[in-house]
Amino acid sequence: MKKIVLGEQEIVCQSGETLLEALLLHSVAIPNSCRQGVCHSCLVRSLDITPPALAQRGLKDVQQKQNYFLACTCYPEHDMKIVLSQQAAFFTQGAVVGKTLLNRETVLLSIQCKDALDFYAGQFVNLQRADGLTRSYSIANSRLHAKQLTFHVRRLPGGRFSEWAHGELQIGDTLAVSEPQGLCFYLPDRPAQNMLLIGTGSGLAPLAGIIHEALQQGHTGNIYLYHGSRDVQGLYWIEEMQALQQQHPNFHYTPCVSNAMAPAGFKQGRANDVAMQALPKLNGWRVYLCGHPDMVNQTKIQAFLNGANSTDIYSDAFHVTPDFTANSDSRVVSA
Amino acid sequence: MSEEAKASLFERIGGEAAVNAAVELFYRKVLSDYRINRFFNNTNMDEQIAKQKAFFTMAFGGPNTYTGTDMRNAHARLVKMGLDNSHFDAVMEHLGATMKELNVPADLIGEAAAIAESVRNDVLGK
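One line per chain: the protein sequences are A and B, in this order. Counting from 1, one number per residue, gives the positions in the first sequence under the numbering used here. Counting from 1, one number per residue, gives the positions in the second sequence under the numbering used here.
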């Protein structure tokens, strides 16, 4: 008999009973369908212990690492604390310690957190203003800096949070920072695997975090980064990425411009098109896609057709809601 | 076919691991097939993969909760786009080729194909 804590509720799971059965017996509304570990409807997450291996079969590696598991194939071996879906509630306090312009529309925000964050490179957090206004931003640094996080905040006309962050937010101001979220991140389990990363605009943020993390972890496979924008002014960190390329022979950087003449050292065309033409065979590769949702969705399919396994494609689409009064510059994330 | 016999086909084919391997091959085949790729051209790849998984789980006799009505509703939009027997045949072709590539024994391929064939009328709204 094991005790399961779900929010305020305590549930008893009898031996021989699956967690799903116990939850349903206690009238917990949890989606479920096949009850045999196939459909993944009853995905839940452990907040304390590592779930039983059987209950994690068939999940993506990034989900397993985050202690996601299936309630229907889980026979709890210990007491455990769970959440039904990704409910990121906890905030730590952060203070702005740096604010510099990366290009005409993107600011680099450095935030010193009170508590060290346990995150994977490529994940995002929710930043919350004192009045509750909340937006998701990708962490742009590696795990080397667990307390000082950096973010690339792109200014969107009418975007309540981004305009405020650009115009009013000052060094010393505080923000609430949520626990890290998202499934588009780097794991060092296959260091020889080739990696392709494609980002548009501030999609460079999570990719830069992933690249630094991979290089620090001694990733030996080739790492190709394609960063795209309409013109050269829409790109940033060009020199930084070129310098990184000088230091690491397995890192390859290609800045792309789609709407303007490409100067020497740049490629003409959309970053995803340039990448897919240059790398037509992606069998065995790991692919990361971040930025504009159309780019992300199209490139996912193209990368798959070029040979990448669907479970090796990680993505983070930055959605902008057109309603400027309510949800402007908000972002939802798919992995 | 009894429920138990269905479950055992799923196990004999290789269960969930076989479903995952089959989806990778099959989805690439249908996306590259000009005869039918417009029916699979949903830009949400994760959704598409989930659907293919459900399809293979069903064809492999695995656990699924689909009813004839679900099949009809799910494909009604495609029938309006012109989905007919020729497209269903193309899918069956890729289904067979996928299982062959995965070295599924011929008798099991036959069993799986028969299950897939059994939903033809529901899929085509007949």
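Keep in mind that the hints are not guaranteed to be accurate.
Said to hold, decoys possible - Some chain B residues judged to face chain A by a derived CB distance under 10 angstroms, without partners named: (1) A17; (2) N20; (3) R28; (4) N44; (5) A50; (6) A54; (7) T57; (8) P63; (9) N64; (10) S118; (11) V119; (12) D122; (13) K126.
Think of the hints as simulated: they come from the structure by calculation, not from any bench. A virtual CB, placed ideally from N, CA and C, is assigned to each residue, including glycine.
Supplied contact hint for B/A50, tested at 10 angstroms Cβ to chain A | 8 angstroms, holds
Against chain A, run the beta carbon of B/N20 and see if the smallest gap drops under 10 angstroms.
-> At 7 angstroms from the nearest chain A Cβ, B/N20 passes the 10 angstroms test, so the hint holds.
Would the hint on B/S118 stand, with a C-beta cut-off of 10 angstroms toward chain A?
-> 19 angstroms, violated
Hint check: 10 angstroms Cβ-Cβ cutoff, B/N44 to chain A = Hint on B/N44: holds, closest Cβ of chain A at ~7 angstroms, below 10 angstroms.
Hint check, B/R28 versus chain A [nearest Cβ-Cβ separation less than 10 angstroms] | With a minimum Cβ separation of about 6 angstroms from chain A (threshold 10 angstroms), the hint on B/R28 holds.
Would you check whether B/A54 satisfies its interface hint, that is, whether its CB is within less than 10 angstroms of any CB in chain A?
-> 7 angstroms, holds
Using Cβ atoms only, decide whether B/T57 comes closer than 10 angstroms to chain A, and label the hint accordingly.
-> 5 angstroms, holds
Using 10 angstroms as the Cβ threshold, decide whether B/A17 counts as touching chain A.
-> Result: holds, 8 angstroms to nearest chain A Cβ.
Holds or violated: B/N64 as interface residue toward chain A, Cβ cutoff 10 angstroms?
-> Holds, because the Cβ-Cβ distance from B/N64 to chain A comes to roughly 6 angstroms (cut-off 10 angstroms).
Hint check, B/D122 versus chain A [nearest Cβ-Cβ separation less than 10 angstroms] | 19 angstroms, violated
Cut-off 10 angstroms, beta-carbon criterion: hint that B/P63 touches chain A = 4 angstroms, holds
Status of the hint placing B/V119 at chain A (closest C-beta pair under 10 angstroms) = At about 17 angstroms, which exceeds the 10 angstroms cut-off, the nearest Cβ of chain A leaves the hint on B/V119 violated.
Hint violations for this structure: numbers 10, 11, 12 and 13, all remaining hints satisfied.
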